[in-house]
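In order, the protein sequence lines correspond to chains A and B.
Using my numbering, the first residue of the first sequence is number 1, and each one after it goes up by one.
Using my numbering, the first residue of the second sequence is number 1001, and each one after it goes up by one.
Take these hints with a grain of salt, some might be off.
In silico lysine to aspartate or glutamate, EDC-like type, Cα no more than 16 angstroms apart, as pairs [what the hints assert, rightly or not]:
| no. | chain 1 | residue 1 | chain 2 | residue 2 |
| --- | --- | --- | --- | --- |
| 1 | A | K187 | B | E1139 |
| 2 | A | K95 | A | D84 |
| 3 | A | K187 | B | D1141 |
| 4 | A | K187 | B | E1125 |
| 5 | B | K1187 | A | E125 |
| 6 | B | K1187 | A | D141 |
| 7 | B | K1187 | A | D136 |
| 8 | B | K1095 | B | D1084 |
| 9 | A | K187 | B | D1133 |
| 10 | B | K1187 | A | E139 |
| 11 | B | K1187 | A | D84 |
| 12 | A | K187 | B | D1136 |
Which residues of chain A face chain B? A partial, calculated answer using Cβ under 8 angstroms [stated by the list, open to error]:
| no. | residue |
| --- | --- |
| 13 | W137 |
| 14 | E139 |
| 15 | Q142 |
| 16 | R144 |
| 17 | T171 |
| 18 | H177 |
| 19 | I179 |
| 20 | L182 |
| 21 | M191 |
| 22 | P193 |
| 23 | A195 |
| 24 | E199 |
| 25 | F203 |
| 26 | A206 |
| 27 | L208 |
| 28 | G210 |
Restraint ranges, calculated between C-beta atoms of paired labels, are given here [said to hold, decoys possible]:
| no. | chain 1 | residue 1 | chain 2 | residue 2 | range |
| --- | --- | --- | --- | --- | --- |
| 29 | A | P129 | B | R1132 | 26 to 34 angstroms |
| 30 | B | D1035 | A | R117 | 23 to 31 angstroms |
| 31 | A | R144 | B | E1185 | 16 to 24 angstroms |
| 32 | B | H1205 | A | E197 | 20 to 28 angstroms |
These are computed hints drawn from the structure, not numbers from a lab.
Glycine included, C-beta positions come from ideal geometry on N, C-alpha and C.
Protein chains: 2
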Amino acid sequence: MNDVQVILKTATPGSDRRAAQRDRLIACAEAAIADEGLAALRARSLAECTGCAVGGIYNLVTDLDELILLVGQRTMADLNAQLDTVHIETPAGGKPSAEALLVGWALAYRAFAAEHRNRWRALFEFRLPPGRDLPDWFEADQMRLFVRLEQTLAAWMPKLDGPTRQLRARTLFSAVHGIVALGLEEKLVAMPPAALEAELTAFVHAYLAGLRPAPAKGRA
Amino acid sequence: MNDVQVILKTATPGSDRRAAQRDRLIACAEAAIADEGLAALRARSLAECTGCAVGGIYNLVTDLDELILLVGQRTMADLNAQLDTVHIETPAGGKPSAEALLVGWALAYRAFAAEHRNRWRALFEFRLPPGRDLPDWFEADQMRLFVRLEQTLAAWMPKLDGPTRQLRARTLFSAVHGIVALGLEEKLVAMPPAALEAELTAFVHAYLAGLRPAPAKGRA
Chain A
1 MNDVQVILKT
11 ATPGSDRRAA
21 QRDRLIACAE
31 AAIADEGLAA
41 LRARSLAECT
51 GCAVGGIYNL
61 VTDLDELILL
71 VGQRTMADLN
81 AQLDTVHIET
91 PAGGKPSAEA
101 LLVGWALAYR
111 AFAAEHRNRW
121 RALFEFRLPP
131 GRDLPDWFEA
141 DQMRLFVRLE
151 QTLAAWMPKL
161 DGPTRQLRAR
171 TLFSAVHGIV
181 ALGLEEKLVA
191 MPPAALEAEL
201 TAFVHAYLAG
211 LRPAPAKGRA
Chain B
1001 MNDVQVILKT
1011 ATPGSDRRAA
1021 QRDRLIACAE
1031 AAIADEGLAA
1041 LRARSLAECT
1051 GCAVGGIYNL
1061 VTDLDELILL
1071 VGQRTMADLN
1081 AQLDTVHIET
1091 PAGGKPSAEA
1101 LLVGWALAYR
1111 AFAAEHRNRW
1121 RALFEFRLPP
1131 GRDLPDWFEA
1141 DQMRLFVRLE
1151 QTLAAWMPKL
1161 DGPTRQLRAR
1171 TLFSAVHGIV
1181 ALGLEEKLVA
1191 MPPAALEAEL
1201 TAFVHAYLAG
1211 LRPAPAKGRA
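So that you can see chain A by itself, here it is in the shape it has in the complex:
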């Protein structure tokens, strides 16, 4: 008897059993994506892994698109957790600088992408069919990823209005993402993988310095 069967047998019938089976389905999809990428997701092998009939999948999720978003939600949670572990040494227990934090997160993002390559790729490769919007719960989780960037930029540029800061946080994320994506995938001639960390660090320093052109005199 495997772990899943134990859970199913000890759970009360009905919604608990369904919740456990749904978790199992998401875990199966996550493992398939981690192993072989999005294109490898097949209802038949998901059903086999979950221990249900192929049609039973659609009692657990609306469709495979929703399943992929649920896997993406877990990827974002894992990414957030990895960013939370970034620890910046400060003298006498002071608060880390915005610059040190943003560099630390950029490097942690690179490490996460390298370690969980296929799950990370799937977050960006997946597209919902035209006309279908991301569900609110997925958007809310994405927002959580950006809140840390917005708050840190607020410390760096306190006078910037909220909406502009929100855009700058997304721009910074996108730029770091682009450097990590093209660097890790080795898409660019003459960007050796070993140079990537140093380039990311130099990039964040230069961009932040440029956002606040006269740091010695005050903040803008």
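Keeping the supplied structure of chain A fixed, place chain B upon it in accordance with the hints.
What follows is chain B alone, placed relative to chain A:
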């Protein structure tokens, strides 16, 4: 009688005929990718479009991977041509500043990506099988794209050594690519498409300012 048949009938036999058919195959693959993306590429419909047997494709190119790279080569040539059209107004016919050029190219890159969405995506989505390197001719064409960035950064930071400048040019390209990619694909909550041009412009200005922290005093 269609255009292809006219070309084939008037060309001298042998290598000219083969070259014309190869061009036709590449044009067919380009049209298929532009219409439906990389995943839509099928040997059977390529053969039909080219007017040859399915097996005949492999007399024209080594395999579909090579064909995709040949399409990518044309995409890069078109992108370079679009960047070449960027015209910066200068007072009294002076040379445009590095900053104005790099902003102009970033905006032109966004426009190219938006207009040729599927061909542009294919450039980055395509991966050769593990262990197979990009052909030299493809790398050489990619280098042409970066030379303009390197030369312009050289004007901005003349004291930077060549290898570092090469890395910075690729980092700048990757960052702009990331902002365009996540912005155009609307992957990020709360980055409205209309904000993208303004964010790109602000980004290039801030990054360049940060690369050369004290522009008034001199160049570093």
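Structure-based check of each hint:
1. Proposed proximity of K187(A) and E1139(B) is supported: the alpha carbons are some 10 angstroms apart, at most 16 angstroms.
2. Distance check on the hinted pair: K95(A) and D84(A) sit about 15 angstroms apart at the alpha-carbon level, within 16 angstroms; holds.
3. With a C-alpha separation of about 13 angstroms, the suggested pairing of K187(A) with D1141(B) holds against the 16 angstroms cut-off.
4. Our distance criterion of 16 angstroms between C-alpha atoms is met by K187(A) and E1125(B), whose separation comes to about 10 angstroms.
5. For the suggested pair K1187(B) and E125(A), the alpha carbons sit about 10 angstroms apart, so the restraint of at most 16 angstroms is met.
6. With a CA separation close to 13 angstroms, the supplied pair K1187(B) and D141(A) stays within the 16 angstroms bound.
7. With a C-alpha separation of about 14 angstroms, the suggested pair K1187(B) and D136(A) falls inside the 16 angstroms cut-off, and the hint holds.
8. Proposed proximity of K1095(B) and D1084(B) is supported: the alpha carbons are some 15 angstroms apart, at most 16 angstroms.
9. The hinted pair formed by K187(A) and D1133(B) meets the criterion: a straight-line CA distance of about 11 angstroms does not exceed 16 angstroms.
10. The straight-line distance between the Cα atoms of K1187(B) and E139(A) is roughly 10 angstroms, inside the 16 angstroms bound, and the hint therefore holds.
11. Restraint check for K1187(B) and D84(A): not satisfied, since their Cα atoms lie roughly 23 angstroms apart, outside the 16 angstroms limit.
12. Among the hinted pairs, K187(A) with D1136(B) is consistent with the structure: their alpha-carbon atoms are about 14 angstroms apart, no more than 16 angstroms.
13. Interface restraint check for W137(A): the shortest CB-CB distance to chain B comes to about 12 angstroms, outside 8 angstroms, so the restraint is violated.
14. Nearest Cβ of chain B to the Cβ of E139(A): about 5 angstroms, under the 8 angstroms cut. The hint holds.
15. The closest approach between the C-beta of Q142(A) and any C-beta of chain B is roughly 5 angstroms, which is under the 8 angstroms cut-off, so the hint is satisfied.
16. Annotation: interface hint on R144(A) violated; nearest CB of chain B at approximately 10 angstroms, more than 8 angstroms.
17. Proximity of T171(A) to chain B holds as hinted, the smallest CB-CB distance being about 5 angstroms (cut-off 8 angstroms).
18. Interface hint at H177(A): satisfied, since its Cβ lies 5 angstroms from the closest Cβ of chain B, which is below the 8 angstroms cut-off.
19. The closest approach between the C-beta of I179(A) and any C-beta of chain B is roughly 4 angstroms, which is under the 8 angstroms cut-off, so the hint is satisfied.
20. Annotation: interface hint on L182(A) holds; nearest CB of chain B at approximately 4 angstroms, less than 8 angstroms.
21. Proximity of M191(A) to chain B holds as hinted, the smallest CB-CB distance being about 5 angstroms (cut-off 8 angstroms).
22. The beta carbon of P193(A) is not positioned within 8 angstroms of any beta carbon in chain B (closest approach about 12 angstroms), and the interface hint is therefore violated.
23. Here the hint on A195(A) is kept, as its CB sits about 6 angstroms from the closest CB of chain B, short of 8 angstroms.
24. Annotation: interface hint on E199(A) holds; nearest CB of chain B at approximately 5 angstroms, less than 8 angstroms.
25. Of the supplied interface hints, the one on F203(A) holds, with its beta-carbon coming within about 5 angstroms of a beta-carbon of chain B, less than 8 angstroms.
26. Interface restraint check for A206(A): the shortest CB-CB distance to chain B comes to about 4 angstroms, inside 8 angstroms, so the restraint holds.
27. With a cut of 8 angstroms, the hint placing L208(A) at the interface with chain B holds, because the nearest CB-to-CB distance is about 7 angstroms.
28. A cut of 8 angstroms between beta carbons decides the hint on G210(A): the least distance to chain B is about 3 angstroms, and the hint holds.
29. P129(A) and R1132(B) have their C-beta atoms about 33 angstroms apart, which keeps the hinted 26 to 34 angstroms range intact.
30. Separated by about 29 angstroms at the C-beta atoms, D1035(B) and R117(A) satisfy the suggested range of 23 to 31 angstroms.
31. In this structure the supplied range 16 to 24 angstroms holds for R144(A) paired with E1185(B), their Cβ-Cβ distance being about 20 angstroms.
32. At about 26 angstroms, the CB distance of H1205(B) to E197(A) agrees with the hint of 20 to 28 angstroms.
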